[in-house]
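Asker: So the sequence shown is residues 99 to 215, counted in the numbering used here.
Derived by calculation from the structure, the hints in this document are not laboratory data. Idealized CB from N, CA, C, for every residue including glycine. It is possible that part of the hints are untrue.
Said to hold, decoys possible - Listed next, with one range per pair, are the computed distances between beta-carbon atoms: (1) Ser120 - Ala168: 29 to 35 Å; (2) Glu177 - Ala157: 25 to 31 Å; (3) Glu101 - Glu132: 40 to 46 Å.
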Amino acid sequence: KAEEEAAAAEAEEAAAPVLSASDLMALMKQLRAELPRADLKACKAALESTGGDLAAASAALTAEHGEAWAAAEAADAAEIQARCGREVAERWPRYARDVAEIYPRSARDLPEICPRS
């Protein structure tokens, strides 16, 4: 029985394509371009577990970390909007006041019209 298990393990290793270091790095670079919040270790593990299939690795990482990445993106966007809104109010108080008077509902959305510094 131990011989059968060893033979099965060898067959699995032979069936899984072995990626060279340069191929793995190229695939990791492509995966990071597609999923910039993914860390290198997770990219490497996903690519190794999928045998170098970029689409399957991307799907696996998105399924595992997608919600956390979306929450982090939303938090970053809220921070940028809040900071930008404060900058508009500090730099151009009259402009911010006029916008709040003319468009009371859009005063909350003031960061969307923040000029670039």
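Asker: Each hint: holds or not?
Answerer: Do the hints match the structure? See the list:
1. Ser120 - Ala168: 29 to 35 Å: 33 Å, holds
2. Glu177 - Ala157: 25 to 31 Å: Between Glu177 and Ala157, where Cβ atoms are some 29 Å apart, the hint holds.
3. Glu101 - Glu132: 40 to 46 Å: 43 Å, holds
The earlier numbered hints are all upheld by this structure, with none contradicted.
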